[in-house]
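First to last, the sequence lines map onto chains A and B. For the first sequence, position 128 matches number 128 in this note's numbering, and the numbering has no gaps at all. For the second sequence, position 185 matches number 185 in this note's numbering, and the numbering has no gaps at all.
Mixed in with the good hints, there may be bad ones.
The calculated lysine-lysine pairs, modelled on DSS-like cross-linking and capped at a C-alpha distance of 25 Å, are [said to hold, decoys possible]:
hint, chain 1, residue 1, chain 2, residue 2
1, A, Lys19, B, Lys233
2, A, Lys19, B, Lys290
3, A, Lys76, B, Lys570
Selected chain B positions facing chain A (in silico; Cβ < 8 Å) [said to hold, decoys possible]:
hint, residue
4, Phe49
5, Gly186
6, Tyr228
7, Glu265
8, Ala267
9, Ala343
10, Lys347
11, Thr351
12, Gly352
13, Gly387
14, Val420
What the hints contain is simulated information worked out from the structure, not anything from laboratory work. In this text, all values refer to a predicted model and were calculated from it rather than measured experimentally. The beta-carbon is built from N, C-alpha and C at its ideal position, and this holds for glycine as well.
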Amino acid sequence: MKLDLSDTKKIIQQYRNKKGVLIPLLQDIQAVYGYVPKEAIDLIAKELSFYPVEIYGVLTFYTQFYLNPRGEHIIKVCQGTACHVMGGKEILDYLSDKLGISEGETTKDGVFSLERVACLGCCGMAPVVKIDNDFYGRCTVGELDELVKKYKSKKVR
Amino acid sequence: METKILICMGTSGISAGAEDVARIFEQELKHHKLADKCKIIKTGDRGLFRDVLVDIISPELGRIVYEYIKSEDVSKIVESHLLRGEPVGELQAKGDYEQFFSSQMRIVLSNCGEIDPEDIDDYIAHSGYQTLKNLFGRTGDKVIEEVKNSGLKGRGGAGFLTGLKWHFAKIAESDEKYVICNADEGDPGAFMDRSVLEGDPHSVIEGMIIAGYAIGASAGYIYCRAEYPLAIKRLNKAILQARERTYLGKNIQNSNFSFDINIKEGAGAFVCGEETALIASIEGRRGMPKPRPPFPAQEGLWGKPTLINNVETFANVRHIIAKGAEWFSGIGSENSKGTKVFALAGKVKNTGLVEVPMGTTIRQLIYGPGGGMVNKNIGFKGVQIGGPSGGCLPESLLDTPIDFESITKTGAIMGSGGMVVMDKLTCMVDIAKFFLNFTVAESCGKCVPCRVGLKRMLEVLEDITEGKGRQEHIKFLQEMSVTIKDTALCGLGNTAPNPVLTTMRYFLDEYKIHIAEKACPSHVCLELLKFEVINDKCAKCGKCFGVCPVGAIDWKKKEYAKINKEKCIKCKACINACPFMAIE
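Starting from the given sequences, assemble the full structure and let the hints guide the process.
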C-alpha cells in the first residue's frame with residue numbers, strides 16, 4: 001500500500017523558508033504517522049534542499065524519533081536513578097518476559113511497544129511506568145499483569 | 001473573602017487522579033449551590049508526593065490541608081468542611097507534612113502549589129511581573145550589577161557566576177543577541193525544573209525578560225525536554241497570556257524594549273544540556289558539543305552572542321531584582337548564596353522537592369524534610385548527588401554542607417539538584433554501572449575518550465557484577481577515569497567517571513567483595529544471587545510470599561519462607577520486599 005503523503009506536504013509548507021526547522025518538522029511528521037517514514041524523509045530532502053543523510057543524522061541522534069511503526073500502546077519503563085534504586089530494572093525485565101520482547105521492540109500483534117526512558121521526572125513516585133499518556137507510580141511486579149491486561153483490550157489509535 | 005480550594009495538579013498529582021478529584025469538586029459545589037462562594041484553583045505540584053493534595057482556605061477555618069484524596073472522599077469534605085464547618089480529621093495531612101515544609105525556605109518554589117499556573121492574574125496577584133514593571137527606570141548595567149552583587153551562581157550544575165555570564169553577553173557587540181533558558185533537565189533523578197515550569201511558568205519567563213533587557217537581547221528560547229508535555233503546555237499558555245498583557249512582544253509595557261520568547265522542544269538527548277550542544281539542537285542539527293572558546297556569550301545561537309541559564313537560575317532573578325542583592329547574599333553560605341532546590345528521592349520517607357538555604361547539611365536535608373529512611377532495619381548506605389556527573393557519598397560525609405565548594409571537595413558535584421538516598425539494599429558497583437550505562441548511551445560519539453573509554457569502563461563493571469571481576473580491574477577503572485576526565489571534549493565526558501571514582505573512593509570494599517568472593521553484599525547483582533532464604537534473618541512475616549508474581553514462595557504463618565527454585569523467575573520482587581534482607 002502506498003503511503004499517503006498529503007500531511008507531509010502540508011507540514012513541509014509550514015516550515016518553508018524558516019531556519020532551524022528540521023527537528024520540529026520531524027516531530028510534526030512523527031505526530032501524524034507515529035514514526036518517520038522513509039518516503040517522508042525523501043520528500044523533505046527534495047522540497048527543503050537537505051541531503052537525506054542530514055535528516056537521517058538527526059533522526060538517529062535523538063531517542064525520540066522512530067524509523068519504524070510502533071505498537072498501539074507504548075509502555076515506557078523509567079530507568080532513572082530513583083526508579084533504579086526502587087526496582088525499575090526488575091519492572092522492565094518482568095514486562096520484557098511477559099510480553100516476549102526486548103526493550104525497543106514491538107509485539108508481533110502490534111499491540112505493545114516496550115521502551116526504557118532515562119527519566120520521566122517523577123522520581124518521588126518511583127518506580128514509574130508510563131503507558132501511552134498515563135503514569136503509574138510506585139509500581140510493583142505484582143501489578144503488571146493486571147496493567148497489561150487493561151491496555152490489551154483498550155483501542156486508542 | 002471567598003473560600004479557596006487548591007488542588008495540586010502537576011504531573012504527579014494528575015497521575016494520582018487529581019483531574020477526577022477536581023471534576024467531582026466542581027459537581028459537588030454546583031450540587032450544593034456553593035459554586036459562587038468557593039473557588040477551585042488548580043495549582044502545580046507543591047513538591048511533596050502525597051498523591052492528590054487538597055487545601056481549603058476559608059476565613060472561618062484558615063488553611064486546612066488534606067492528603068491522599070481520592071474522588072470518593074470529595075463529597076465528605078464538601079459536606080463536612082464546607083457545609084458544616086467541620087474539617088474531616090482523618091483525611092488531614094499528618095505530622096510528616098509539617099516536617100517536610102517547616103524546615104524549608106521557599107523562594108524559587110514560593111508559588112508552586114499555591115497559584116494557578118495557567119492564570120496570569122493569579123501570578124500577578126502574587127507580585128508577579130512587578131519586578132519587570134519597575135525595571136525600565138534602571139540601565140541594563142545596573143541590573144547586571146545587582147545580579148553580580150547577589151552572588152547568584154548558575155543552578156544548572158557548574159555553578160558559574162550568573163552576573164558575570166550576563167556581563168560577558170552584555171559587552172559582546174552584535175546587532176542581535178539571544179537569551180536561552182535551558183530546561184533540558186536530563187539528569188535521571190532530577191525534577192525541580194519540571195515542577196517550576198509546571199507550577200510557576202511566569203516566574204521563569206519574567207526572569208528571561210529581565211535578562212533580555214539587561215544584556216540587550218530581543219529574542220529568547222526555552223529549550224524544554226519533550227518528556228515534559230505538561231510543562232510545555234503550560235509554558236505555551238503562559239507565553240500567550242504574557243503577550244496579551246504586553247509583558248512580551250513589541251514595546252513591553254509601553255517601553256521601548258521589545259522581547260519575545262519561543263519554545264523549542266528537545267528530542268531526547270542528554271548531551272543537549274551542554275550549552276554548545278543545546279545551541280546545535282535549536283539550530284536543527286545533531287546535538288554535538290564543540291570546543292569552547294568561543295563561549296556562547298561571544299558566539300552562540302546562529303553565531304550571535306547568547307546567554308544560557310537554567311530554569312532555577314531564571315526563577316531566582318525577579319526576587320533578586322525586587323528585594324536587592326544584599327537580601328539575597330544574606331542567605332546561604334560564604335561562597336554559595338541563596339537557596340537550592342533539591343529533588344529528594346529514593347529510600348527516604350518523604351520524597352519531593354525541597355528548597356533550603358545553601359550551607360544546609362546533607363543530614364539536615366535527609367532527616368529534616370526527608371523524614372529519615374523508609375526502613376530503619378535496612379538503614380542508610382549512601383546518597384547520590386548530581387546525577388551521572390555526580391557521586392555517591394557515604395554516611396561519614398553526611399554533615400557536609402551543601403554548597404558548590406564543599407560538594408566539589410567530596411568528588412561529587414552540586415549538579416542540578418538530584419539527590420537520591422540509598423539504603424543497604426543498593427549495590428554501589430551496580431550504581432556505578434547504572435550511571436555508565438546511561439552516559440555510554442548518551443555519549444554523542446564525537447570524542448574518543450568518551451565514546452570508547454566509557455564503553456571499556458562499562459564492560460569491566462559488567463564483568464565485576466557478573467562474577468567475572470579480576471584484581472587488576474580496580475587499577476584499570478581508576479586510570480581510565482582520570483584519562484577520560486582530563487581529555488574528553490565536554491562536560492558530559494569530563495564528569496562521567498565521577499560515579500565510578502566516588503564509589504571506589506568510599507565503597508571500595510564492595511568492589512573487592514564482588515571480585516574476590518563473587519558475591520554482592522547488597523543482594524542486587526543478579527548473577528551473584530542464590531535466591532535462598534536465610535532462616536537466621538527471616539522473621540516469618542510472609543511479605544515475600546505476598547509479592548511473588550509466580551507463586552514460587554512457600555510460606556505459612558509462623559514458618560520460614562522457602563523459595564521454589566523451579567518456579568522462580570528471578571524477578572527479585574521478594575528481595576526488594578523483604579524488610580530484613582533475609583533473601584540472598
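Next item on the list: Give me the numbers of the hints this structure contradicts, sorted from smallest to largest.
Entry: Result: no hint breaks.
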